[in-house]
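S.K.: First to last, the sequence lines map onto chains A and B. Going by the working numbering, the first sequence wraps up at 109, each residue one higher than the last. Going by the working numbering, the second sequence wraps up at 112, each residue one higher than the last.
Heads up, a few of these hints could be off.
Stated by the list, open to error - Pairs of lysine-lysine, BS3-like flavour, derived with a Cα cap of 30 Å:
1. K45/A - K9/B
2. K19/B - K79/A
3. K2/A - K96/A
Claimed, not checked - If you want the footprint, here are the derived chain A segments under chain B, 3+ residues with CB under 8 Å:
4. 26-38
5. 61-75
6. 96-108
Hints were generated in silico from the structure; no laboratory data involved. Note that the Cβ used here is the ideal one computed from N, Cα and C, for glycine as well.
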Amino acid sequence: RKEVEQDPGPFNVPEGATVAFNCTYSNSASQSFFWYRQDCRKEPKLLMSVYSSGNEDGRFTAQLNRASQYISLLIRDSKLSDSATYLCVVGDSSYKLIFGSGTRLLVRP
Amino acid sequence: DTEVTQTPKHLVMGMTNKKSLKCEQHMGHRAMYWYKQKAKKPPELMFVYSYEKLSINESVPSRFSPECPNSSLLNLHLHALQPEDSALYLCASSRADGEAQYFGPGTRLTVT
């Protein structure tokens with residue numbers, strides 16, 4: 001079983017749509033949780049940290065369910081510029097981040 | 001400022017060459033990282049430096065040699081690489097354990 005699992009997609013949605021990505025992790029001792037986005041041939045960029053209480057940043061909402069070891073990202077009112085690969089990332093300990101394989105999002109006009 | 005810089009942007013080297021990749025951050029972060037990323041795969045951790053000391057080596061072959069001259073700089077020395085080592089090499093830094101990592105733009109390495 002992979003340590004961090006994501007649906008690879010691609011998710012192909014029209015502009016303005018709402019899209020949700022899910023992620024599960026295997027290590028119950030994981031301490032920190034993040035979503036990164038990565039554009040083609042670019043570096044990963046931090047989108048948001050994920051907290052147990054859930055958090056929102058504009059059109060993006062992240063949720064964490066520690067009991068189910070499940071993380072989600074909701075994007076509302078999708079823009080063309082949201083097209084990218086979204087990486088679910090979990091911090092275990094000792095400075096290590098474990099990356100999911102990424103979910104590809106394509107937003108079409 | 002969340003900037004991590006890396007040089008060079010692109011590097012082509014032969015299997016007998018020696019080259020170095022450089023990374024710099026001025027955010028006062030105390031942890032720095034090297035990752036390798038192949039196309040359509042997530043980044044793979046190679047090395048972690050914490051307070052300028054090597055804390056994690058993910059069983060990386062000795063043809064890759066990291067160095068941390070000070071808290072702002074991280075180098076990766078390359079020697080006798082193989083064509084399968086061609087990849088995007090990413091440097092990252094974080095303020096502390098478990099906190100978000102900020103990535104540099106990477107060095108795209110081709111070994112011929």
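S.K.: Hint by hint, say whether it matches the structure.
M.R.: Against the structure, the hints come out as follows:
1. K45/A - K9/B: holds (17 Å)
2. K19/B - K79/A: violated (41 Å)
3. K2/A - K96/A: The given pair, whose Cα atoms are some 15 Å apart, holds under the 30 Å limit.
4. 26-38: With 3 residues in contact (Cβ-Cβ under 8 Å with chain B), the coverage given for the stretch 26-38 of chain A holds.
5. 61-75: Answer violated; 0 residues pass the 8 Å Cβ test.
6. 96-108: Answer holds; 6 residues pass the 8 Å Cβ test.
Of the numbered hints stated above, those contradicted by the structure are hints 2, 5, listed in ascending order.
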